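Asks: As a plain string of letters, each chain reads:
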Amino acid sequence: MGQLPLTLLLLTLVGYVAGAVAGLLCLRAERAANICAFGLAALAALTGVVASVTGLLAGAAHAHQSIEILPALIPYVRFSIRLDPLGLFFTLIVSLVGLAISIYSLGYARGYYGRKNVGVLGAFFNAVLLAVTLVFLADNAFFFLIVWEIMALATYFLVSFEHEKEESRNAGVLYFVMSHIGTGCLILGFLLLFQTAGGYGFESFHAIGAKMAAGPRDAAFLLFLVGFGVKAGIVPLHIWLPVAHPAAPSNVSALMSGVLIKTGIYGLTRVAFDFMGPPPNWWGVTILTIGTVSAVLGVLYALMEHDLKRLLAYHSIENIGIILMGLGAALMFLHSGHPLLASLALLAGLYHTINHAVFKALLFLGAGAVVHATHTRNMEEMGGLVKRMPRTAFFFLVGAVAISALPPLNGFVSEWLTYQSLLQGFGTTSSLVRLMFPLAGAMLALTGALAAACFVKAFGITFLAQPRSDHAAQAHEAPATMLAGQVVLTVACVLLGLFPTQFLKLLDPVTVQLAGQALSSQLSMANGLVLSGAVATGGTVSTLGLSLIALCLLPVPLALWFVFSRATSVRRGPTWDCGLQGLTPRMEYTATGFSKPIRMIFKALFRPRREVQREYDFSPYFAKNLRFESTVEEVFQTRIYRPLNWLVWRVSRRMRALQAGSLQAYLIYIFVTLILLLIFAL
Amino acid sequence: MSLLTLLLAVPAAAGLGCLLLRARRAMAAANVLAFGFTLALGVVLLRRVAADGAVTEWAGFLRADALSAWMVLLISTVSLATSLYAGRYFQRDLAAGSVTHWRMCEFFVLTPLFGSGMFLVVLANSLGVMWAAVEATALSSVLLVALYNRRTSLEGAWKYVMLGSLGLALALLGTVFIYAAACKDSPRQLPSFNWSDLMTVAPQLDPRLVRLAFVFALIGYGTKAGLAPMHTWLPDAHSEAPSPTSAMLSGVSLKIALYALLRFHILTTACLGTAFSRHLLLGFGLLSLFLAAPFILVQENLKRMLAYSSLEHIGLICVGIGLGTPITIFGALMHMGYHALTKPVLFFAAGNIHQTCHTLEFRLIGPGLVKVLPVTVLLMGIAAVAATGLPPFGLFFSELTIISGGIAAGQVAISVFVLVALIACFCGMLRQLTRILPGEPKPGLVHDGRATDGVPAMGLLLGTLLVFSLWIPRPLLDVMHQAAGIIGGGP
Amino acid sequence: MSPDPTATISQTVLLLALSPLITGVIKNWKAKLQNRRGPRAWQPYLDLWKFFRKDMVISEHASWVFSFAPYVVFITALLAGLMVPMVTVQAPLSLFGGVLALVGLLALGRFFLALGGLDPASAFGGMGSSREMTIAAIAEPALMLAVFTVAIAAGSTDLSRIVTATLGPGWSLLNPMHVLAFAALFVVLLAETGRIPVDNPATHLELTMIHEAMLLEYSGRYLALMEWGASIKQLVLMTLLVNVFFPFGLATGAPAELYLSALAYLAKLFAVAGIVVVVETTNAKLRLFRVPDLLSAAFVLAGLALLSTFLFQ
Amino acid sequence: MNAPVPSEIPAQLIALFAALMLVVQLLLVVQRMLLTSIRLFAIQSVFLAGIAAVVAYSNSAFHVYVVVVLTLIGKVAFLPWLLSRQVQRMKIVQEIEPLMNFPTSMLVCGGLTLLGYLVARPFTSLERLGNNTLAVAITLVLTGFFLMINRRKAITQVLALLTVENGVMLAAVALTTYGMPLVVELGIFFDVLVAVMILGILVYRIRETFASMDIGKLSQLKG
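Protein sequence lines, in the order shown, are assigned to chains A, B, C and D. This note's numbering puts the first residue of the first sequence at 167, with every later residue one more than the last. This note's numbering puts the first residue of the second sequence at 25, with every later residue one more than the last. This note's numbering puts the first residue of the third sequence at 20, with every later residue one more than the last. This note's numbering puts the first residue of the fourth sequence at 2, with every later residue one more than the last.
For reference, chain A alone in the conformation it holds in the complex (with noise of 0.2 Å):
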């Protein structure tokens, strides 16, 4: 089975690109072309499933050969990939979310009949599916930049499909130029790399920075670091992400959420492991620290929302925080010369990078149903739903069971392992950085239940309780597709959830290439019902067991009710009204009052700006109308990005009056000059 998973992911690159080409095609019949583009898009994500499992279970078998896939035409650019494990895993997870997205959009895409032109959405959602695989796959800096910038421009093209709206297309351009900026940091670091590798190859990049100087080296560390972590979407370079991710049509928004910041992970994987050598322990402190604060904002940003999407957008920067608290331990641990305990907190931000991007595109792919259905993306004008539309409101509900890391779902799961591997990293090093491990621990046990603080307003706000509007009222169910797209996503959700065990065993190839050990082996016990941290006393847990005795006490209550109450009947009722005729839904608790009491505990950093105006009578406790408008601050976008651009603005214009159009002035330029000139050729 050598060429199998070659042969497969060629199969997968040609499939996106068929595609596209099929989706250009049928520009006039967009029904055709939906079925076409988003189709393939389905049927190549699968074989890259397929592919990229067989090759991870192969193992780093072929691991170091480099394949051609186009002659190299311009000079030192060779369009090379290779299958190394890193990078299949990667392709795992583009394929697996993928897949479901595309099955997804087929039902989803229906709504652009006639608006807008499928085709061309089509092409673009497989330009994007082409190009992040190939950037996973790229064996060569010059093709991974190229490959890189082809993603972010069809992503922009994505960002800004619904062009007509002045948000999509400001949006668009600020992630653009965002992406951008990042790209130039990584040309940078790799032209570091390439000066003492003396080659583009990614080959000749292993382990690089060892023979690289300090000063350099660092330097590239960061340009990498920034470079990535814009992708990423890390605090304080993520401003695109929560204005992007909502603008997009909610498939591109899964798909970004999803799969596309994780091509700053990987970069930073790629980069942090493979190509620098042995760490210096000041990276590992600072990712880990960037993890943090990322985690802690986010989602402290994210409970303030109640644009949905926004909210799952600030969702996504959380968990990047989290995932790189892991990589960032790995980085710390692989410095102090603990390569078990490096496998195993890379294990967990690897894990919960594949988690987060299931759970993610499954909430996003809820979410652009309820849009879908509402025609809004404001919480306050939903509500009602779970009765509206069943089944997407289970589905969006394990999504935030899982992103909340309650078990026995997924996201507990990668948690736990967070949690392990930072406590046993206590007992590194005696220095006081080992401080950081346990307060990074307590920061993410932060997160974890802000997070569930803020599903439980996200998923009670939506779908519980009355509907708050009359598009909410007349909502639907979302069409089979949609739902199948879900159905995926939610199964893999469960899966990975409950079978952790099995799954490392995909992991191996990665830890053994990145830091040397095969973890998956010493992960399992009790034959893989048992999940535990790498040494055997450091803890043990059984998601599958949970779930099992949770099912044997099921009968406890039941027995109860069985014994005592057989009798009793069920009757529907109002809710208690205090007395008064019946509640409004304007009587119900909204998304803004519920975050209010975080709002008030955190004030200093979101500094809320409310303003009321209540008009009444004789008194003001009998107001006729009141308006109640609560605002909070987005503290980079203010002080650092808004500043930063008015003096780019103010600089600009104070030059454009070089340009004053008197000829008088532009002789006296060239006058200048040569006489500079004359006085320094003498």
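The hints are simulated quantities; they were obtained by calculation from the structure and are not laboratory data. Honestly, I wouldn't trust all of these hints.
Listed below are the simulated BS3-like cross-link pairs for lysine-lysine, each with C-alpha atoms no more than 25 Å apart in a straight line [as the list claims (entries may be wrong)]:
hint, chain 1, residue 1, chain 2, residue 2
1, C, LYS304, A, LYS762
2, B, LYS466, B, LYS395
3, A, LYS282, B, LYS395
4, A, LYS331, B, LYS466
5, C, LYS304, A, LYS769
Chain A side only, calculated, beta carbon under 8 Å to chain C, not exhaustive [said to hold, decoys possible]:
hint, residue
6, VAL622
7, LEU630
8, ILE715
9, LEU719
10, LEU726
11, THR741
12, MET753
13, MET766
Chain C residues, not near chain A, derived (Cβ > 10 Å throughout) [said to hold, decoys possible]:
hint, residue
14, TRP48
15, LYS51
16, GLN53
17, GLY57
18, PRO58
19, VAL108
20, GLN109
21, VAL198
22, PRO216
23, PHE264
24, ALA275
25, PHE289
26, VAL291
27, THR300
28, ALA303
Note that the coordinates shown come from a computational prediction; the quantities given were computed from them, not determined experimentally. Idealized CB from N, CA, C, for every residue including glycine.
Chains B, C and D: place on chain A using the hints.
Replies: For chains B, C and D alone, coordinates are given in the frame of chain A:
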């Protein structure tokens, strides 16, 4: 008749012929044919140069080495596209009554002369003749710039010609100095003014005189090439000229002046054997790069923005040459070519937009062009993607080549600077084009039926661009390497 | 290693049986301390029995989530209980999850409790859920940090191992780490079980209630399950507290020890209940936005505990 | 190498003419009347032709006579005629206030002359005939440049441009034994001719459109 002679004669003949035949179609056809022919000749020349070095005619009066061959190709391609585009363009202008038939004839007469002037620049061996030819191109393009005879276009033309001829006067002084330097060794008979001969005696030339000569040539030809701070005429002329002319000015004319400057640069380096001229080029290139970005960012006029982007690209080319390593020079040459293939498309598209919206102000054009001129906007978008240096188009490769060459040469600071400037320009272009291309069009504008104007021309250029971005054929590659060698002071 | 059925079943029974008693005892003693007669200690059993017998009125706005929540709350509490060593060192489910899983399970219960509060479209429920989640969120870091402190000392997150470690020679009552961590965990206990000064279990005053607000729409057997689940949770947390920090007399295996250890366990439990009672009677309920100060204090305590492990090693 | 040793007379003549050219240039700088300026330019060109003639004679280089003739025809006769016709058509006699008043302009010119000499000093050894001719040439170029900056009327700017041209030609004559190759000379000559004609056309159109020759009005294209 022989190759180089034909290259000069055919366009000139076409131009003069247009004096006789007055029909628009006929003149357009004549232009197209002429430049198509020169393109073919260019390819032949390319092959011959690639095979056996420099080609000379008229006892070395005309001489084409790799560099010239490369430029010949650029000139012919861009001119061909321009004349392809011009026909429909002026048809609509005539219909709109914005030009008289007489003015249109002016265009079709002058453009081929402009073209042959440029051919003479790159083919002339004698520096003096080269100077005269550059002046000739300037003069022939002035009236083209002033074609619309609006207040603004006259102003643009006036600035263009004043600054241009002043600069060229200085360039002439530089030329004189070089000649003088050559004279000093051979007082008896007239020394040869041929570049090739000068190269052979370069080491014996008086270094101080040559330095002085290069300074004047730099200012002079630099003005024509639009290097900051002598670039000030560039946005005016480019924005006021009819779009075909803007395309030619920006696509090749700038590079022609740069070519003339390069000849001096090579000579100077050969004589002084120092980095004197390199450093000057580098400095001016960086200045141009640095100046372009803010102007693009706050620009209010489409064609002016494009002109500033040309400034940026010229700057980048100069930086590439100024860095002076084989890689960067090669990158600079690539960049010349790719830019020549890209920028005209943008100007053509701007022309269509102008004819549809009757303005070039971003504010007045407003959003939503994609709904009005779908095809044009599509092509323009592709060209813009290419021009801002995104893959899979060549400028990405050339820019990356230059930067990586810079890093490899240890010029980290410069490379970083270049990268920053490029990113800034990208952001500017992105923002500006987003203001007009996507969105919901203003109520006044409706889908324009004649929106497919100029598609052949743009298609030709973009197709070539795409092909050559992914695949540079062997002989071309050889010639480019030879040219890079020549600039780099090699054989 | 694998969980043996008898232990599991017996501990389940113990949890079910003991938890209402603790609630009752606390109520009773509190009354006594305030010179009231107060309800009988076994009143909660009667209440539960009563709730089970009663008909249910379910809000017309409520969905399946509302009916699903009680079971989740009840079962997660039980599951969590099965991971804590009560009378024997070896907790029945210690293999299936340690303290992290315990926290996770309680969080899962809380998640659905809060959803259940939101479901009937009543403003009280929403308010309760919002406050519950907020307090839990800020209690979580302190809890986790305290847990980390002991877990680090034991080198494991498995409660049985932690207990054995604390039983072992290394342990001393006055180890500052233990004292501080205990204090922190005790505050968290107050917050998690909805005790004064964080919440007032006795009130139904709309502006002050948190936990009760979420239960407002529940009735009949659902209410019974909710209440029971709450008291089981309380028992679990108390057990965690006492057995982790004062693991005297925990049976290590031999059945003979069981009676002794059971007695010891009860004694410790009632002691903690006593402390809770004292705290509840001597303190007033804090304003909602004062609670964070209390919990951050707990966080600082736990942090100090951590620092002390660092200093005294 | 036996270059024709320049006898004193030609050398002095050339020096004299060059000096006179400079003087005329300075007069131009302070001259307001357009027609007078044009005549001054013509005079300057005469001197240039004179220098060329001296060179041709003393080196007995006959093709340099061609340069003389061309200069006389073009710069002395034709261009002045063309320009003055323009001026008469436009019925304006004098330049409006220049950017700098005359004393300052004179000071600047002095500075430029100094610079010219500085630049030229290393090369005096190269000059075949006369001395400091090169310095004068460079000074002419610079002052012509300055003149261009300083004046606002289109015509005077054209004049200034032409004086720059003169300077260049002077340099050519001064530095090279026999002037430039004939082709180049011809090319330059015709270029200048055409340039001025085209400038004339533009000036004409500008006057038609703007009803003025003040290029201060040409400042709409900004930014």
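Asks: Which numbered hints are broken by the structure, listed smallest first?
Replies: none
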